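Undergrad: Residue numbers (this note's numbering), protein chains in the order written: chain A, 28 to 432; chain B, -9 to 296.
Be aware that one or more of the hints could be misleading.
Ranges between beta-carbon positions, derived for each pair [as the list claims (entries may be wrong)]:
# : chain 1 : residue 1 : chain 2 : residue 2 : range
1 : B       : Glu65     : A       : Glu398    : 49 to 57 Å
2 : A       : Thr421    : B       : Leu82     : 30 to 38 Å
3 : A       : Leu63     : B       : Glu259    : 26 to 34 Å
4 : B       : Arg156    : A       : Gly280    : 37 to 45 Å
5 : B       : Val225    : A       : Arg107    : 45 to 53 Å
6 : A       : Arg107    : B       : Ala267    : 15 to 23 Å
7 : B       : Phe149    : A       : His209    : 40 to 48 Å
8 : A       : Ala119    : B       : Leu197    : 43 to 51 Å
Note that these hints are calculated values from the structure, not bench results.
Here the structure is a predicted model, which means the values were calculated and not measured.
Backbone N, C-alpha and C fix where the C-beta goes; we use that ideal spot for every residue, glycine too.
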Amino acid sequence: MADLLRLATAGSVDDGKSTLIGRLLYDAKAVLADQLEHVEQVSARRGTPFDLALLTDGLRAEREQGITIDVAYRPFATARRRFIIADTPGHAQYTRNMVTGASTADLALILVDVRGGMTEQSRRHTAIAKLLGIRHVVVCVNKMDLAGYAEEAFDAIVREVLEWSARLDLHDVAFIPISALHGDNVVDRSETMPWYGGEPLLAHLETVPLDRAEGPARLPVQYVIRAERRLYAGQVASGALRVGDEIAVLPGGERSRVAAIEGPAGPLEEAAAPLSVAIALEDELDVSRGDLIAPVAAAPAPVRELTATLCWLGDEPARPGGRYLLKHAARTVRAKLDTIEHRLDLEALERTPAAELALNDLARVRLRLGEPLAADPYAESRATGAFILIDDATNDTVAAGMVEG
Amino acid sequence: MRTARAGLALTHLEALEAEAIHVIREVASELERPVLLFSGGKDSIVLAHLARKAFRPGHVPFALMHVDTGHNFPEVLAFRDRFAAELGIELLVASVQESIDAGRVVEETGARASRNRLQTTTLLDAIEAHGFDAAFGGARRDEERARAKERIFSFRDDFGQWDPRRQRPELWNIYNGRVRRGEHVRVFPISNWTELDVWEYIAGEGLELPSIYFAHERDVFARDGMLYAVSDHVVLLDGEAPARASVRYRTVGDMSCTGAVRSTAATLEEVVGEIAATRITERGETRADDRVSEAAMEDRKREGYF
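Work the whole structure out from these sequences, hints included.
TA: Pasting the structure below:
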């Protein structure tokens, strides 16, 4: 049976992102007849050529304006793997939607127009992909048909991107020359670019190794099931738990052993991320939602302050002194924005001082917490290093946060 | 008892199941009065089954609710009642007929009349009457263009309205379901499942489905390129001649707007085989309500539909 790869697409709207996805689905025969018919009809009605981008732009406003506003999730499968494509918007004003789509991705697919090179948006998106810890990046150098399918044009873009990614400390980057419009190197190998010896895009996506969430076990307690015995239910966030493991319940620190693990299909000896399970402990402890179960030998120390990178998603600016709710795994605590250490300028890759954070800003900040929180650095464990900030007055999610080491 | 597998890599169905159970447990923890919208269709059957798994061996801390248009397939209604009883989950029924009788909605007239859109009022009234702050639905992103854009936690205002231009950011698997009094959140735990995933899961888990999903003989007639069942809820137009055919249903909606598919697939394996080979989407083949306009689903969701 196949495994599941989540990928997010990024790049300026004019770089042909939606066309690429449409082409990928079309050539992989993942688009069904009535969907195609719909595209034909709409294209005909508008007097435009058959527009593959129409396969993914789903909202009325998007189709009217011809742009992507929000993330569209497209599942498809090949014989080798199951995929979910998060087609994310390119416009900076929709960054919060782009970050939504990219946060769960295993792979970022960045599109660059061979004639124009990297744009401000594609630089920004690559930087955000790096920040979000997306391990695999594939750069598709598109519109090769308009550059005579020339190797020199491709190489120039590769150099430009490598320069940028080196500054980002981003290293696992693959490059594929394509034409989304004509289908070169998307699913089928291109005959017009014999100088390219790598795989077409789909083959690459099918074979890229999936990261296991390795590292010490982490089980955030979501729900307490009260039956003959108490079971602590949650999704294993990292590593694997085994029956008999000596664990600590954080932030309190009380210890016990795993007595039993209930998986979705019955009892298990071992449960690895991302399985959802319910466990019983040997001792009767006071465990509740929001607690984190971790091995005694590798338990994160609870803290009342943390340093984090924030992506500000709120309409109202953030200022030092601002109070928010912080939700981390299954735990919600009060948090105060103590200091903004610096804003990250993604264009110049500079750190600049900032008195406040506006929508789409990235910054390194210090937060003070109302209660102790057991977290990991995001670089070590995405699931227990990530958090969101919520504005209590509006209930809006105003920031995506990543704990620094 | 399963012992540790080498590598412990999850299949895609296991990963999707884990995600769905996680979502269901989050709602039960963060919202006060959830409800599971149950149609008797395969997606809501899978959803109820996942809810059972999420809280086992404890009880499921919410009820099922069926918005009954009065135009349902009798086989599905019978199945619904038996299913709820076997699972040990409370079943609530909100009636569109009652909404019509109370003057809350006006029935459509004409041969192509359907109660599909009326469900929204009944649904919203029921949500308000019971004070539900979260409603689970079995909608999937692969079903339709607007659904592909919807968050797993989809916020609805106090008119039940969906605003696609102002969806909350949804990061990682950290869900923000906070709502004010009168508002509610629609939650779609199987958002990332495809039609084929649902069928493969049903086959793997050995779940029972209403009989209409499997090939059977029925009197049907053709209209607008689809095959409809002859029933008390449809009026035949001139030239429409019913004929007996072997058909199955790919989706469960009202008898008045759900098309049947010619088929002799009588077992689960045969149905899965046909679906895997199909060239038309589930809703494209069978749902007249989606065809009303290019943005039919989006418009209905803006009004408060599922």
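Undergrad: It remains to establish, for every hint, whether it holds in the given structure.
TA: Against the structure, the hints:
no., hint, result
1, Glu65(B) with Glu398(A): 49 to 57 Å, "holds, 53 Å"
2, Thr421(A) with Leu82(B): 30 to 38 Å, "holds, 32 Å"
3, Leu63(A) with Glu259(B): 26 to 34 Å, "holds, 28 Å"
4, Arg156(B) with Gly280(A): 37 to 45 Å, "holds, 42 Å"
5, Val225(B) with Arg107(A): 45 to 53 Å, "holds, 50 Å"
6, Arg107(A) with Ala267(B): 15 to 23 Å, "holds, 19 Å"
7, Phe149(B) with His209(A): 40 to 48 Å, "holds, 47 Å"
8, Ala119(A) with Leu197(B): 43 to 51 Å, "holds, 46 Å"
The structure shown violates none of the earlier numbered hints.
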